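Which chain is which? The protein sequence lines are R and D, in order.
Okay, so the first sequence: first residue is 1 according to this note's numbering, each after it adds one.
Okay, so the second sequence: first residue is 1001 according to this note's numbering, each after it adds one.
Source of the hints: derived by calculation from the structure; they are not laboratory data.
Keep in mind that a hint or two might mislead.
With a straight-line Cα cutoff of 30 Å, these simulated DSS-like cross-link-like pairs (lysine-lysine) come out [what the hints assert, rightly or not]: (1) D:1026 - R:57; (2) D:1094 - R:57; (3) D:1069 - D:1026; (4) D:1070 - D:1056; (5) R:70 - R:57; (6) R:57 - D:1070; (7) D:1070 - D:1026; (8) D:1069 - D:1056; (9) R:70 - D:1094.
From a predicted model like this one, the values you see are computed outputs, not experimental measurements.
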Amino acid sequence: DAGITQSPRYKITETGRQVTLMCHQTWSHSYMFWYRQDLGHGLRLIYYSAAADITDKGEVPDGYVVSRSKTENFPLTLESATRSQTSVYFCASSDPTLYEQYFGPGTRLTVT
Amino acid sequence: SQQGEEDPQALSIQEGENATMNCSYKTSINNLQWYRQNSGRGLVHLILIRSNEREKHSGRLRVTLDTSKKSSSLLITASRAADTASYFCATAFKAAGNKLTFGGGTRVLVKP
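With the rest of the complex left out, here is chain R:
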């Protein structure tokens, strides 16, 4: 299916565990982004990638790791989950010439 998908859609994990959220897009967009959305904070950029093997920090990168070995995939890893990382995580992609971003459906992560 064309578009941008995220998995899992819902995840409950315990404090201290490693968690990886997956993002896959079929448009071959060079840019990909990870955001978290929390009440009172809107969307905040965690990491972004301009192309395969090129990643950079956003506004709130601490506690997260990303990689991008293939253009279509952009996984986000929480190395040691904390309760403050309970949030809804959105992945997005964009074409560098068009600026508009296309969002995935989100992953609701709860850290207990």
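Got chain R; can you put chain D on it based on the hints?
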């Protein structure tokens, strides 16, 4: 923070009425975009206005941009119950590539 500020935070109107929401930002932009988010879903791009444009229309949406005041407004005319959603402005700052900074959003409730 360069985050845009949206006003009002929440808006309740009757079907058929117009809804207006505003966004202010702090530094020079390349473009400004508006997104809609239905409850529990990812964001959907609505409209993009470039820094050299003053007004743009798309269906029942009208966006204005005043770069001297660093502000934008989104007008939804003849609102429908299906317009109930949160609306976010997002700014693409110059020299920031395709990165966007999102405002906190306006929650719009359209009552039938």
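Looking back at the numbered hints, which does the structure fail to meet, lowest number first? none
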